[in-house]
Amino acid sequence: MTDRCTDKRLGDMLYAFEAGMLNDSDRETFEIHLLECRYCSNRATRFADAARLIRHDSSIREEVARLDTGTTATRKKWTRSIAVLAAAAVVILLISTPWHIDFHTGDEAIARENSLVVMYFDNLVDSEDSLRLGEIAANLLITDLSESRYIQVVAVQRLYDVLKLLDRHGPGFSSRDVASEVARETKSAWLLTGSILQIDPSIVVTAELTETSTGASLAAFRIDGQPEDNLFALVDDLTVQIKNSLSLPVAANEERDPLVADMTSHSPEAYRHYFEGLDHRREFRFASAITSFERAVELDSSFAMAYYHLSGLKDRRLISRAVQFLDRATHKEQLYIRSREAVILGNRQLAIDILQEILEKHPEDKTALHRLAGQMSLLNQHARAIELWNKVVSVDPLDRNAHNYLAYAYDVIGDTERALAAADRYVELAPSTPNPHDTRGEILARNGRLKDAIEAYERVYELEPDFLNYESLFKLGRLLVYQGDYARAEECFEEIAAGQRILASSVARTFLALIPMYQGKFEDALGVLNEGISLDSLEQQKTGQIHDKSTKHFLKARIFVERSNHAMAQQELAKAVEIQASIGLPAYRNMYAQVLAEGGETNGAEEIAEVLGEESRQGVASSQPAYWYAMGCINMAKGETEQAVTSFERAVAASAGYEYNIMLAQAYVMAERYADVIALLKDLQTNYAQDSRLGLCIWTVKSYYYLGFAYEHIGQVDDAIRSYEEFLRIWANADPCLSEVDDARERLARLKSQS
Amino acid sequence: MPSRSNTGLEINDLCSRAQAGDRQAEAILLKHLTVSFRLIAQQRIWNQHDAEEIVQETLTTIQAKYKNIEFETSFASWSYRVLSNKIFDHIKKKGAQKRLIEKMSDRSDMTRSKPSDPGLRRRLVKCFRELSKVNNRHARILNLHYQGYDTGQICSKLGITENNFYVLLSRARAALEKCLNKEEGK
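Keeping their order, the protein sequence lines are chains U and P. Under the numbering used here, the first residue of the first sequence carries the number 2, and numbering increases by one thereafter. Under the numbering used here, the first residue of the second sequence carries the number 880, and numbering increases by one thereafter.
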């Protein structure tokens, strides 16, 4: 083995190479040297495992940071302070207040007592503060001071929320005017206010620390920066002096105190864009937020939190960049990054654990509360989710999103009163935006309040006609059909059909056919469907997109079933299945099995059921209810009443879809389980928000007939009459010779004559 | 090819001999290239399997071609070029987005995977602590590097020249290596 390097200068670069410190040019030179020098090659090979740990291992990085910390904190405390003292006159007034600290309590208890709110600095150079230096200074101070375990600093988001609550946010408000109100609202022990006295040729700031309970001034500071100093440097100085003046426990002097630029960005310009991004995001201007964060990472490619926000707004894969630069974030921000990474990697429990860790230290952190509530909701732990969102509301009563989520969460657990109260509060907070009205409309529709729901959606339409890609207008149209206002419903769907969004137009053409179909006017409906299919075909030739053609064929099939034309029904359903298969989204196979079974071709139906069953056994979730649906239809066709009930009950257990429930009701009718029919159909009929309610309108309308039938059989005559009347009202102008219509008329006449 | 010194591997010399038909020289040459290529590829390719694949592909290419080439620069430069091009092609092919995904999944693998010597992490931490008692700039340099500073910025912060920087690191590495060997022997 050779005992020395062939080129000492290059040999000295070995460790830098192993740690990944060389620039591209030096790295290339060194790598060629590695090929030529067996000495270095052998050394590198022996050290390879250790080098890998030094390059990547997080616990090694932590240890290095810890070893570096002792010198850093000291340097920061003393070196900069000495520089500042030497550079300018510093006036420090210290009024010491004895703190009665119980040394037996934990650090957490001390931190809660030692709570500090940092107000936006007043910019005396520019009263409009067009560059928002006052807010930036406060943001940076909050970031820096928050790293201390011994001070509980009111977070930036909380400060923003409180100022909005007090209606004191924006230009024109002096921080000092609102400071005491903010301190009271945040229950802070200390208050820091400040001013920017000068920007050029160097930055000069003053600040004052006040005890909120007494109003006593604890300390005042003036920091005169050097011409080359930026705001970050002054913030570092100020945090040291603030901590020194607070008489914190001795251990506070030993804790790591990184430079604020190390936890944000060394580029003031990048930070400015980041700051603007946060602002846009808070105000739901997501496109602008993305632009700002992208600009931030262009200027500073290691800006961890900018990547973090981009991963939430634009591309979740960017979380890996945030993780890569984890050390360039505060401790709390690192937990956020890790939590999102865990969600993206599918480790929900880890994400939850991390969010709970954040809340242990920062119980009023709105973002963590929101995120944890969202995770709980996904796990169907709605009670816990509600608890967390209520906590958000208690921290920030103006948080719109919390009220929105609460409305849905209460609705899921069946607490309609609270759901509507939350929706109403949401509307109060943002009356001129469409989403609150949409939420309110949905809750009302789901709970049978048709007229009120229509009113809510009309309001959405007034504010934004194409809200959520016309989703709200579709909902309005559907509700108008249920109300019997067919002309207005037609207007809604015509508007969408005439719009620029091709898929929405195609779906609207389907809905236009559903209006006559709902009324039993099947001949008219067929005409509209055929026209819609022609237009869809033209679109397909132009764009290659199939859009909503398969649904139209499905609806045609159901009409042919009503006409007992099973051959045509099967043809149409086969087309629907083929279209879906061609775009790689299998669908309608259970419906196809149904028309085959209804047409007496149970063998064909059983073949399809077998395929669905096999898929279900292989873990395809959507195939499970579809399989039981197909089996239920086969059972019904064979007259196997009890088996049909069991099959459809299994379908409903696997999926809450409307079609499974409505078929179960029909199976209950066959099995003469009238109490079950009534319970199920009354529940289904109350819910106007079900998307498939109009799509399966033939069964929806017939459900009034089945309900009448069930009531009649258990002797509830008045209810039976009402149900038959409703059925006949809707199908008053239906096509002739519909057997249910004739039967309902007879039954109604008989019941009325008997009562 | 002239050798650089009488103590180096003389890779270029080995190449000349291999080209002349010396099988033993070829075996030594390929063995050395394998080791060195691995060190280089693992620096630049996150996924270790991909890195190994690239090394093997490079060696195959070199073995197939080197005998017929009259090198204008050195064999070392040429073989390095082959490796670099393969690495570059891999990066281009995978695409930036996919590499991000790999990094995400590999990072979780990385943090979970243990070094081949399970006690190495513990020994390394101990040696870092020992080293910091006599050399406080080593931790500082590494920590600044972790925070994203480049060599120039680190030198500027520490007030040292680039030469001093490398010498400092070199001595730190020697001390670390000595400490690790000592700890391993215990």
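If you're looking for bench data, these hints aren't it; they were derived computationally from the structure. Check the hints yourself; a few may be wrong.
As the list claims (entries may be wrong) - Derived DSSO-like pairs (lysine-lysine); straight-line CA-CA distance at most 30 Å:
#, chain 1, residue 1, chain 2, residue 2
1, P, K1036, U, K9
2, U, K315, U, K392
3, U, K753, U, K683
4, P, K910, U, K165
Unchecked claim - Residues of chain P clear of chain U, computed beta-carbon distances all greater than 12 Å:
#, residue
5, E889
6, Q935
7, N1022
8, D1029
Predicted model only: the values in this text are computed from it and were never measured. Glycine included, C-beta positions come from ideal geometry on N, C-alpha and C.
Hint by hint, here is what the structure shows:
The straight-line distance between the Cα atoms of K1036(P) and K9(U) is roughly 25 Å, inside the 30 Å bound, and the hint therefore holds. Using a Cα cut-off of 30 Å, the hinted pair K315(U) and K392(U) holds, with the two alpha carbons roughly 28 Å apart. Note on K753(U) and K683(U): the hinted pairing holds, with a Cα-Cα distance of about 22 Å set against a maximum of 30 Å. Distance hint between K910(P) and K165(U) is unfulfilled; the C-alpha atoms sit about 69 Å from each other, more than 30 Å.
Once the 12 Å rule is applied to beta carbons, E889(P) is inconsistent with being away from chain U; the minimum gap is 8 Å. Interface exclusion of Q935(P) from chain U stands, the closest Cβ pair being 17 Å apart, more than 12 Å. Against chain U, the non-interface label of N1022(P) is violated: not every CB pair exceeds 12 Å, the least being about 4 Å. Its beta-carbon lying about 7 Å from the closest one in chain U, D1029(P) breaks the requirement of being farther than 12 Å from that chain.
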